[in-house]
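Residues per chain, in single letters:
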Amino acid sequence: MRLADARALLPDLVTEAGEPQADLRLVEAIAGWCDRYTPWVAIDPMGGALADDIEQTCSTGGFGGDAGLLLDVTGCTHLFGDGESGERALLADLVTRLARRDLTCRAAMADTAGAAWALARFAERQADLFCPARGQRDALASLPVEGLRLEAPILETFLKLGLRRIGDLYPMPRAPLVRRFGEQPVRRIDQALGRLDEPIEPRRLPPAFRTRLAFAEPIGRAEDIAAATSRLLAALCRQLEQAGVGARLLEIALYRVDGSVDRTSIGTSRPNRDNPKLMKLFEEKLGELDPGFGVELMILAAPEVEAWSGTQDALPDQDSPTVAAGADGTLDLADRLVLRLGAENVVRLLSRDSHLPERVQVVTAIASTPATAGAWRRIASLKGARPTRLLQRPEPVEVTAFVPDDPPSVFRWRRHAHRIVRADGPERIADEWWRPRPDGSRPPAGTLPPVRDYYRVEDDDGGRFWLFRDGPYQLAANGLPTARWFLHGFCA
Amino acid sequence: MPVISPSAFAPPVSGAANDRVAPVPASLREKVRRLERSNSVRRSGRAASVPLGISAIDALLPEGGLLTGALHEIEAGPAPSGRVSPHDGPVLGFAGHLLGRLGPGTILWCRRPTGTFDAVPYAPALSSWFDPARLLMVTARRDEDLFWAMEEGLRCPGISAVVGETRAADPTAGRRLSLAAEKNGVPALLLRAQPAPPQSVCTTRWRITSAPSCSTPGLRDVGALRWRLELRRNRFGTPSADETPSWLLEWNDETHCLAVVPQTLHGSPGAHFEERLVG
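Quick mapping for you: the protein sequence lines, in order, are chains A and B. FYI, in our numbering the residues of the first sequence are 567 to 1058. FYI, in our numbering the residues of the second sequence are 3 to 281.
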């Protein structure tokens, strides 16, 4: 129905603009809250408010805006009671807790995601919402075919043919059904009845290693949170040790009494399960966490783990006695620095085979690179002619030279004139023609690559600079030289 | 944790004047400091000092070299003509020489970028003094972060030296760095592109300026690197005859050693030749 039609029928209709983004945020918050029941929570891709195509949503359910969550509670229900009573208790708990926050929801439980989806939307009686084990065939039989999550054209044809209930499809021969409607209806029926597996992609991949701590009374003091973290960490480190792995990423989540969740995480540069060291890293971050009105549940998880490399490192190489991968606490130091300053600010310098001065030195994050001693040895032949500081971007300078091809006699940089007394050069460095340009194009064939002529100069004060001219000396049509001069570095 | 009396951070007093006023406490204090220092150094298992390799300078320094568990400052001095030095390339060179003489281990290099005109330390040049693979480069946006990172580095057993590049002269931070360096026996170097207000806690303060090099006679090429080095503060060291001892040093790239240029060679024939050639 169009809005204009609706207004004609009901003149005092209140309308609000839809806010899909806000809806999505709310659904994500609820999904985060649902982590309390199971780590395996997915936002239903068929949920109304989240589907890209609003038309399609309206035709499938007729309930515009019905967002859904899928929870795989396998192995989680025993916390609420044994067998079926535990499952029923979990469902009731979920509904009442959400109702307490003014969220109306219909929750159904079944053996398959498809059956639960259909029941939650189309079950007529409250008692039908819980489908006992292996009872989905009977439970679905009386539901409308909309409950099968079919595409709109298929659904329309089914309704035209008078196939209104899911049960009407049970006796249909499969082969003609597939030939007439494609494989979707058959696949959906199989999925709903549990004959075909339907994987649920969780919103956050449940970590293999996690520990939780629930509190009888909500806690809020920073000391209590630190103490709880330390207990969780001790338990998690035992888990990691038993599995023979170390954590690369740890995440702590605080479930607050108002239903919101606050998370923070720490990363390490190598697999780690050293309780005191990890606790030290957490101490930096715990201050950022906001307990709000109180925390009722804390979960510590290790989403990223790697095989434990062991405490024993390889024997130091004769040539590179300095590299004993982190045994000396350097990597732990790097972890602390990264945590406070950011990964892009704690780096190592690697060498690259290149002639261009600005490409020789590569900055890489500490975590991704082992230190390789001696990597710079090949570059060492150039050291004398290289500056100790390199300008990030060369600065243009004004230059006076007696003879065009000579090193300059005076250069002006930042409004100071430097009279050049001594000069070394030129050292011609050509562009790397075999490498694509930054924009992806390649230099046209047959043209000379751009060159730079580098000079090491010394002014009358003894200051040493590294200058270059960005090309050979040539006169343009207007009589001015085409090449310009730049300052690229400061020598020792 | 060594106990430091507040007066230990007092500005340097010339030895003679100090002796006249209160001879016993001063010498006693010095003795206590030496004992504490040697104790902390022994615990860290490192050498107490690293000789610079220049006998004239090492003779003035305590323990015959640069103390490892101490804070040292290296600043770029004004050019001989009196102008502000345009860059601090020689500071990096001298720091590189000192770092190269220290033992193996990671070097933590903390710096604050100076915006668009930022000139980063360039590893190919530094590789003439030490292996740049040993460097752990840290960039800090604020001075507090920089000093914090330096202090963390000094406490780490795998770090052989900590270098900080900043313009800030925070006396409290300097004192903390000095204490951390002393406790762990790791040297801390503060590099200054411009002369900064002196930190009274630093053990040595060097001022370095690039000096005109000596060309090959008849040519105008840039010769071996030459620096004018001044030792402007020398705590625990032997007092020198001059107020601020100064040397003209030359770095030999082939033999990898820094040596004092003999005084007689200052006005070398080469220099005269150049004067004529250029002037």
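Fair warning: there could be bad hints in the mix.
[Claimed, not checked] If you anchor each label on the Cβ, the simulated ranges turn out as follows:
(1) B:S57 <-> A:D1036: 24 to 30 Å
(2) B:D255 <-> A:R925: 43 to 49 Å
(3) A:R925 <-> B:A261: 30 to 36 Å
(4) A:R906 <-> B:D120: 31 to 37 Å
(5) A:D589 <-> B:A171: 41 to 47 Å
(6) B:A171 <-> A:N1044: 23 to 29 Å
(7) A:R906 <-> B:G66: 51 to 57 Å
(8) A:S831 <-> B:A261: 32 to 38 Å
(9) B:G105 <-> A:L922: 47 to 53 Å
(10) B:D172 <-> A:E582: 51 to 57 Å
(11) A:D1036 <-> B:G105: 31 to 37 Å
(12) A:S831 <-> B:D255: 47 to 53 Å
[Unchecked claim] Listed below are the simulated BS3-like cross-link pairs for lysine-lysine, each with C-alpha atoms no more than 30 Å apart in a straight line:
(13) B:K185 <-> B:K33
(14) A:K843 <-> B:K185
(15) B:K185 <-> A:K851
(16) A:K846 <-> B:K185
[Unchecked claim] Short derived list, chain B residues pointing at chain A, Cβ under 8 Å:
(17) P53
(18) S57
(19) P159
No lab work stands behind these hints, which were simulated from the structure alone. Note that the structure is a prediction, hence the values are computed from the model and not measured. Ideal Cβ positions, reconstructed from N, Cα and C, are used throughout, including at glycine.
We went through each hint and held it up to the structure:
Against the hinted window of 24 to 30 Å, the Cβ-Cβ separation of S57 (chain B) and D1036 (chain A) comes to about 46 Å, which falls outside the hint. Range check, D255 (chain B) to R925 (chain A): Cβ separation about 24 Å, and the 43 to 49 Å hint is violated. Between R925 (chain A) and A261 (chain B) the Cβ separation comes to about 35 Å, which falls inside the hinted range of 30 to 36 Å. R906 (chain A) and D120 (chain B) have their C-beta atoms about 21 Å apart, which leaves the hinted 31 to 37 Å range violated.
Evaluation of the 41 to 47 Å hint for D589 (chain A) and A171 (chain B) yields a failure: the beta carbon distance comes to about 55 Å. Checked against the hint of 23 to 29 Å, the pair A171 (chain B) and N1044 (chain A) fails, with Cβ atoms roughly 51 Å apart. A beta carbon spacing of about 38 Å between R906 (chain A) and G66 (chain B) contradicts the range 51 to 57 Å that was offered as a hint. Distance hint check for S831 (chain A) and A261 (chain B): the Cβ-Cβ separation is about 54 Å, which falls outside the suggested range of 32 to 38 Å.
About 34 Å separates the C-beta atoms of G105 (chain B) and L922 (chain A), a value inconsistent with the hinted range of 47 to 53 Å. For D172 (chain B) and E582 (chain A), the hinted distance range of 51 to 57 Å is satisfied, since their beta carbons lie about 56 Å from each other. At about 43 Å, the CB distance of D1036 (chain A) to G105 (chain B) disagrees with the hint of 31 to 37 Å. Separation of S831 (chain A) from D255 (chain B) is about 48 Å and conforms to the stated range, judged on CB atoms against 47 to 53 Å.
Restraint check: the Cα-Cα separation between K185 (chain B) and K33 (chain B) comes to about 17 Å, which is no more than 30 Å; the hinted pair holds. Restraint check for K843 (chain A) and K185 (chain B): the C-alpha separation of about 21 Å stays at or below 30 Å, so the hint holds. Among the hinted pairs, K185 (chain B) with K851 (chain A) is consistent with the structure: their alpha-carbon atoms are about 27 Å apart, no more than 30 Å. With a C-alpha separation of about 21 Å, the suggested pairing of K846 (chain A) with K185 (chain B) holds against the 30 Å cut-off.
With a least beta-carbon distance of about 21 Å to chain A, the hint placing P53 (chain B) at the interface is violated under the 8 Å criterion. This hint is violated: S57 (chain B) has a C-beta 22 Å from the nearest C-beta of chain A, more than the 8 Å allowed. Of the supplied interface hints, the one on P159 (chain B) holds, with its beta-carbon coming within about 5 Å of a beta-carbon of chain A, less than 8 Å.
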